Amino acid sequence: MYFLQVNPNPDPGISIVLYFGTLGMLALAIGLVVFIVFHQRRVIRYQMQMQRLEDEQQKTLLNASIRWQEEERQRIAADLHDDAGPLLATARLYLNENLVHQDMNTQLQAIYNAKQIIDDTIQLIRNISHSLMPPTLKNFGLESAVNDLFQKISGSGTINASSRFHDYRTRLKQEQELIVFRIIQELINNILKHSNASFIHLTQNYNEDKCFIRLHHDGRGITQADYDKLNKSTAGLGLKNIQSRVKVLQGRISFEKDLSQTYYKVTLEVPAIVQEENLASISF
Amino acid sequence: MFTIVEYSAVTYYFYQILRNTTVRQIVPVISLLFVGYCIYDLISSKFSHFDSIPVAIEAILIIGFCIIVLFEKIKRTDTLFIYSTSDFWIAVSFLIYFAGTFFLYIYAQNYMNNEKFLNNYNLINSSFVTLRNILIAIAFLIKPKVENYPIIPSK
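Same order as they appear, the protein sequences are chains A and B. If you're matching positions, the first sequence starts at 1 in our numbering and goes up one per residue. If you're matching positions, the second sequence starts at 1 in our numbering and goes up one per residue.
Careful, some of the hints might be misleading.
To be verified - SDA-like mimics (lysine to any residue), calculated; alpha carbons at most 20 Å apart, straight line:
1) K75/B to V246/A
2) K73/B to V246/A
3) K210/A to V246/A
4) K75/B to I16/A
5) K75/B to I36/A
6) K116/B to L23/A
7) K75/B to Q49/A
8) K75/B to R42/A
9) K116/B to I16/A
10) K73/B to R42/A
11) K73/B to M48/A
12) K73/B to V43/A
13) K75/B to F35/A
14) K75/B to L32/A
15) K73/B to I44/A
Rather than coming from a laboratory, the hints here were simulated on the basis of the structure. Small disclaimer: the values here were computed from a predicted structure and weren't measured.
Chain B on its own, in the form it takes in the complex (with noise of 0.2 Å):
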């Protein structure tokens, strides 16, 4: 469930900040079709077990919005420095929050009894969280610059 609401605010986030229509219009689709799976899975498994596939596969998409967000904003030439946009750190903490904990997810689910796996669990968890709050803040208290650029469409 917890998947469902994260991927569905971070996808949102990106939604609105995404340019090409090509993209705007695949994000939905492929959203639906993985909020679909989740459901499934959720009923399938009866909440039994933590859900590493649908995690992982949040992981992956979530990396590659993060990527595409990353490289529309290169292209952009109204910003001299990238990394003075809000945007561009809120990319980069999920894009290395998602990245640092996606093997940290696909192995929780058929090893969360094992002790010695949840003590690393809980480190790397704790660790990748905590990077990704100092990100998202640093993206907070930078100041936010009115963009009047209009959607492009792809060519």
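The following block holds chain A by itself, in its conformation from the complex (with noise of 0.2 Å):
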């Protein structure tokens, strides 16, 4: 600024200097105003675009849930009416008003009948009561609900099924072991309803406040690539679920293929500490 003003003496130019040096900042200024808006608006634009796809998202989670839940249900009656039903129906049968007429062994016949039947009636409604919520978890924690399933698993034959956790002497909170035992159970139905593997292993360890689940198979698995487009996607009903469950524990899982290529690994990662009213969200 000094040296534009070193010369005194009046000089010619200084109109075309002056009217374009003008110009050209009111140009800058014009031109960054311009800039401006419109950078705004496209900002604008894309949060608008990014928050009507996360409500698509939303939208499509919550009826995924809508439907698993409405399914359990089914399911729930499908077994009450087909199997406890018509069990306590013949259970009646023996007790009927007759019973009185018939002779003593005829009696005790009936009576014994009656209590088999009413004991299996027993023991189905234990199994789906503890398919709803097993008492094991509840009672003794996530390594021994999940050690337990895993036993069941092997013991059926059909498949190896082993689980190890490596350090789970802090355990999580008691809403949090039941959401990850509901992805691993979801994730067992899935591996043993598609990939036709022969073998399950789990193994848990801690590192840096993150619980770390891994769960290996050798059968058909998804990549990380399968699991997105499956979730974006109407079927894949129990990916969805576990997509839910994982935001409400504010986790994180990955579905590769180890590098050896001879198994499919998924990786469930849960903070130890989260936000309680997300955990009050979700309701089993």
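Using the hints, put the two chains back together into the complex; each one sits in its own frame.
In structure tokens, the structure reads:
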């Protein structure tokens, strides 16, 4: 600025410099304002699009959750209606009013049969109840419940299932354990239904306030790309439920094939501390 | 003298609407330094000529504040259209005014005695003053929105 004023003599070309300089500065200022206006509109439009996509995703997850709940209710209703109902009806047949007119042996036989049927019914209802809420989980924690589950799977003889908790001295919260157990159940169901695997192995360990649970199997699995694609489609109800639950836990889940290409791995990452209101938002 | 008053008024307004704490801390320091320099220039020149250098520095500072205010506005997501706020129009008015008269005031100190320059000066200065006033009038016409955002500490 000082050097612009060095020459005190009037310069005929000064007008040109003045006008060009003024126009240049004006053009810059207007260009800046126009850029700011259009940039802001683009940012807002992008944010609205992101919000729209998130809302759609939330709606998809909610629909999947509702569908899953309805299917679960139908399954329970079917179990009770098809299994428990006929059993109790049969027991009632044995204990009808004509029993008092029968001889002692017939009466004893009828009572014994009815007792057997009632015992079977009790066991059936206990199984239904345990599948809804395993008491081992509530009383002894996630490690015991998972070990129990894997033992039952191994016991069937069709697949070799094992689990190992390396460091579970600090338990997750009860609500977190329930959600994690449901995720593991869903993953196991999918493996048993679709993968044709011969072994499933689960490991757990802690790392920097995060609990890592890894599930390995040697069957047909899915990669992260497959998981993302299935989640966007209307199919894959179980995976959508997994996604909802992982979101509630504020955790992460990843699907990958091992580097040796021999087995598939699912890694579930759960933070040890999570907001209380998130855990209360989902119903089981 | 007019430079000091003009700068103080405009800077005070921008200081009120700025939300970044770092900038809010820097503005008073810069302002003090600038006013100090203006007073020194005033005393040393003994009111004998147009204060081109202080005006040019003032223009640069206020253009900078305008740009900071505008960029702060676009970061906020509470307003869909940035030009629906009065702050935007006031910032634009001062930006265009000081940008347009920047070269004019630089040459003013040495060429005020030149009749041709004086005609150009009057033309350009009047035009930009008019434009500035029109933009400020637009700002006054816009209904004020109650804004309740806090001062953001800088990271």
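Q: Tell me, in ascending order, the numbers of any earlier hints that this structure violates.
A: Violated: hints 1, 2 and 4.
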